[in-house]
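2 protein chains.
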Amino acid sequence: MIRANIYKRSIGVNFDDDGGSEVLVWAPLARSVELSVKNGKVLPLKKEKHGYWSLFTDELQPGNSYGFSLDGKNALPDPASVFQQEGVHGLSVATDVKKFDWTDGNWQNPNLSDYIIYELHTGTFTTDGTFAAIESKLDYLVELGISAIELMPVAQFPGERNWGYDGVFPFAVHNSYGGPAALKKLVDVCHQKGLAVILDVVYNHMGPEGNYLGQYGPYFTEKYKTPWGGAINFDDAWCDGVRAYFIENVLMWFRDFHIDALRMDAVHAIKDFSPKHILQEIKEYVDQLMQATGRSHYLIIECDLNDNRFIKPIAGGGFGIDAQWSDEFHHALRVTAGQKQDGYYADFKGIGHLTKAYSDAYVYDGRYSEERHRFFGSKTTGLAGQQFVVFSQNHDQVGNRMLGERTSALVSFEMQKLMASAVMLSPYLPLLFMGEEYSERNPFLYFVSHTDPELVEAVRKGRREEFKGFMTDAEAPDPQAIETFEHSKLQWGLINQPFHRAMLSYYKALIKLRKTHPVLKSCNRENVEVTVNEPQKVLILRRWDTDQQLLCLLNFSDQKEIITVNQ
Amino acid sequence: MIRANIYKRSIGVNFDDDGGSEVLVWAPLARSVELSVKNGKVLPLKKEKHGYWSLFTDELQPGNSYGFSLDGKNALPDPASVFQQEGVHGLSVATDVKKFDWTDGNWQNPNLSDYIIYELHTGTFTTDGTFAAIESKLDYLVELGISAIELMPVAQFPGERNWGYDGVFPFAVHNSYGGPAALKKLVDVCHQKGLAVILDVVYNHMGPEGNYLGQYGPYFTEKYKTPWGGAINFDDAWCDGVRAYFIENVLMWFRDFHIDALRMDAVHAIKDFSPKHILQEIKEYVDQLMQATGRSHYLIIECDLNDNRFIKPIAGGGFGIDAQWSDEFHHALRVTAGQKQDGYYADFKGIGHLTKAYSDAYVYDGRYSEERHRFFGSKTTGLAGQQFVVFSQNHDQVGNRMLGERTSALVSFEMQKLMASAVMLSPYLPLLFMGEEYSERNPFLYFVSHTDPELVEAVRKGRREEFKGFMTDAEAPDPQAIETFEHSKLQWGLINQPFHRAMLSYYKALIKLRKTHPVLKSCNRENVEVTVNEPQKVLILRRWDTDQQLLCLLNFSDQKEIITVNQ
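First to last, the sequence lines map onto chains W and G.
Numbering of the first sequence is given in our numbering, commencing with residue 1265 and proceeding in unit increments.
Numbering of the second sequence is given in our numbering, commencing with residue 1265 and proceeding in unit increments.
Because the hints were derived from the structure by calculation, they are not lab data.
Among these hints, one or two may not hold up.
The list treats identical chains as interchangeable, and a pair is accepted whether it falls inside one copy or across any two copies.
Claimed, not checked - Lysine-lysine pairs mimicking PhoX-like chemistry, simulated, CA-CA at most 20 Å apart:
1) K1643 to K1540
2) K1305 to K1547
3) K1801 to K1681
4) K1449 to K1337
5) K1310 to K1576
6) K1576 to K1613
7) K1305 to K1487
8) K1681 to K1401
9) K1540 to K1576
10) K1643 to K1681
11) K1313 to K1272
12) K1449 to K1362
13) K1362 to K1725
14) K1753 to K1401
15) K1489 to K1547
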């Protein structure tokens, strides 16, 4: 591996104390690289080892626009740009990433087992859709009782409206959200208020517009196919520069933005047959960083492989990742709560599978999956409860429905409460999706704001075709329309209405119980016994510690049930 | 996993003692499957779980032709056919794979560290090109001193002439070599004479002609690209049937053919992201088989990844494979002996790299490879010497040259002896390529005998283009021409000539030394110290045990050298 520097960025622009800057870019196949600064001035970079180019200059000041010209061609934005004030197609803005007056010196990242996560989308969480506007809601979140917010991806994506998974500048904080300074401010304030911050990052693909990486070097490989075309090059020729790029990205968020944990999107689409998987290499660098700074940081993955290798410790032959999302718990819960077994729900047979999820985290842990047409998954023996993040809804499960309905639009008030309880009483890490705590009624729809008309049409068409099999009179909302975005915003006024206030009270009580009850606040998976009464649709969850035991009865039927519990 | 039966084949045709047969085939997407037997009779198979179809019948006798008709279409040969008497496009011949009067009850597979391997190609090793003809050479091989023959692939390939890597029926023993009965006979006679038998098998691709597997089911996936197109489906939908197919293949060779070890071709092209890699799963089944039968069998791989995970024990997080080929030792040795550093030799810098290969097996064990454009490989710490097979030539290294020159046509008599010594004195497993022991002068060329004219032309063209960059007046020999095949046969008469007889004597003495000297016969990598005198091109190899030490001086210069050895 090309060694990443854990103390400062080894790509992009680094300012020193005297106003000079060190400029570094990876362009292994270029014959020449020049820095393009204001007034059309260009400064040649020097070729270094392994495809890197460098320059030390005092012609670049924080706030200046800059780009790189490869082989004499037009200047392109910096792949490691921290700020794209003019959007994905504009030049980069030089930013001193180390500069910020942090006030969180006393902050201590909670134990992972104490995380209660609140996932939010910056653009639709508030009317303004900015980091600054999130700050105004932090007291509300503290009162709700959650311990960590999770920001959907903030890396620069095309246009102003996007879930974030179309990002093309992994280091750049989106301009319409407020850019890098505003994100640091938000993190600092969160820490002051006792909230951890998780950031969602995408290392498995790049968005379809504004992706200039391919012009810099072999960031992609055709060896593997992913849902988004060629895979990011983690193991083909020249992969070290690409691996270093993403390692640098992890280090920057933790070191320079004080982010507490990363949620790495869809790592099953990261194809890496190297002797050391990139996720393990990332973990090793994070371990080094933590040792150097004394701060702690967590790595959480989204992974649909049910492969324990990802979350086993490195010493045990795993990649050492701290935790993973558990979509199967969600699917089993939703089907138990009445969701039709279609699409990706088809493999989930209701309360029996939910029982399995409580006891084994993976529902498919080696058994045959009819939908995947194969025996699927591995065992979770020895893995801790806090290694699985569970939820009754999240951005994907809501937004991937044609009409983006939250659970609130699909099930009764009582069932919403039951689903929240199912999550909160589990020995896993609970995650809420913004607004569920007061039963927000607006949908969370799929929205984009690409500028390439052909791409816009392709996305519209794709969305229509995705749902054309559904037996419905409704049409898929136009992802590009601003109304689709606006309609996805939370309606904070609802909280004042009795129905919604009642739900909020329920969530607060539930979270408080989870945080204070000695049995519930533990993620001990050993002291859990789960049995099911299938005809009555009642799940009996018994949890205990040395002093006491707790019996949770979850009635998923639509009526009162009388059951006998063995003591 | 669909459980493979270690005691008998779970696919193809199994005969019982009363003349009945059990017929099993995997065709998960077929709506109907019929067995087609003589006189146009068809017998429907019954659908079983997981895509299998079965039938018990007494209408099929050993020696009968048969095939399967899917969805009423024309009958195809059996994917698990053991005998394709009429070639790849003919129907299969029902064969009782259990039937053979074995006389090797007392045979004991030697320890792997005692293997001295002789690689041979059945078609060109003798004039007749059959298994029977190999038998007549076994006394010669015993006298030479080798302990194992390694047969290049014998699975049915198109036509009569092929290296074997174009096989399309992994279970069928090639008809022109003598078919399954003749192979069993050869193994039995080898065992009587004290020789182990290694079989080369190809689990990473199928040949370009006569491949009917795709019509039976999803044997291939487009998720990954290999040099031969789509990869074999080891982890995509329906992969269990494919995995079971290859596991069955391993078990059949060991159990029913008494093969002692497999050499698995190019496993780096096996793409498997399952929680359990197919190689590990194969190893686990082989362990079960060995426990059941009390016989021992080895798994050896060709793998160009320098990834210790493949050959580490399963308990240590590896796949548990016993040994791997070490192409890097070869490349370093050849360059040291004067080979130009072009093509795949470009990464090898001569005697320094050979020194590295002696001490660490992998030359690239984490260092930067200019040819691969990446840091490459992992460490071999803790791996045993017998886990690496080394050679100064093999079928690939000879045959992938345009003119198929053996080392004998490229370097002097003395250098040939030195290269043989370099291999035999190493703490690794030595492998000879047929004929090198007496300095055979005929080339080993690339030859095929496809029947599809377009394919023939494509192969010819590919071969011409592969070598068009070479600065030579010669033309690439026509792979399809029978002369190319004939010209690749060994000329046994040479042994009677003094030059060749001298080389043979040298090899015999060297092998005897390796087998009898207490230090040399050990593959202990710990007690090895290798130093180099680069200007003089002398490599000093010191090996020892508790009682004695051995100093080997390998002088790769073209003159006498005087060196000082520290004691």
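Hint by hint, here is what the structure shows:
For the homomeric pair K1643 and K1540, the shortest alpha-carbon distance between copies (11 Å) is at most 20 Å, but the shortest distance inside one copy (22 Å) is not. Taking identical chains as interchangeable, the C-alpha atoms of K1305 and K1547 are never at most 20 Å apart, the minima being 41 Å within one chain and 63 Å between chains. For the homomeric pair K1801 and K1681, the shortest alpha-carbon distance inside one copy (16 Å) is at most 20 Å, but the shortest distance between copies (79 Å) is not. With identical chains, the CA atoms of K1449 and K1337 are never at most 20 Å apart, being 37 Å at best within one copy and 69 Å at best between copies.
Neither within a single protomer nor between protomers do K1310 and K1576 lie at most 20 Å apart by alpha-carbon distance, with minima of 42 Å and 43 Å respectively. When the C-alpha separation of K1576 and K1613 is checked against a cutoff of 20 Å, the pair qualifies neither within a copy, at 28 Å, nor between copies, at 40 Å. In the homo-oligomer, the alpha carbons of K1305 and K1487 never lie at most 20 Å apart, since the shortest distance is 40 Å inside one protomer and 46 Å across protomers. With identical chains, the CA atoms of K1681 and K1401 are never at most 20 Å apart, being 23 Å at best within one copy and 81 Å at best between copies.
Taking identical chains as interchangeable, the C-alpha atoms of K1540 and K1576 lie at most 20 Å apart whether they share a chain (14 Å) or sit on different chains (14 Å). For the homomeric pair K1643 and K1681, neither the shortest alpha-carbon distance inside one copy (31 Å) nor that between copies (54 Å) is at most 20 Å. In the homo-oligomer, the alpha carbons of K1313 and K1272 lie at most 20 Å apart inside one protomer (19 Å), although the nearest pairing across protomers, at 57 Å, exceeds that limit. In this assembly of identical chains, the alpha carbons of K1449 and K1362 lie at most 20 Å apart only when taken from the same copy (13 Å versus 75 Å across copies).
Taking the shortest alpha-carbon separations for K1362 and K1725, neither the intra-copy value of 43 Å nor the inter-copy value of 59 Å comes in at or below 20 Å. For the identical chains of this complex, K1753 and K1401 are intra-copy neighbours only, at 14 Å inside a copy versus 82 Å across copies, given an alpha-carbon limit of 20 Å. In this assembly of identical chains, the alpha carbons of K1489 and K1547 never lie at most 20 Å apart, being 25 Å within a copy and 29 Å across copies at closest.
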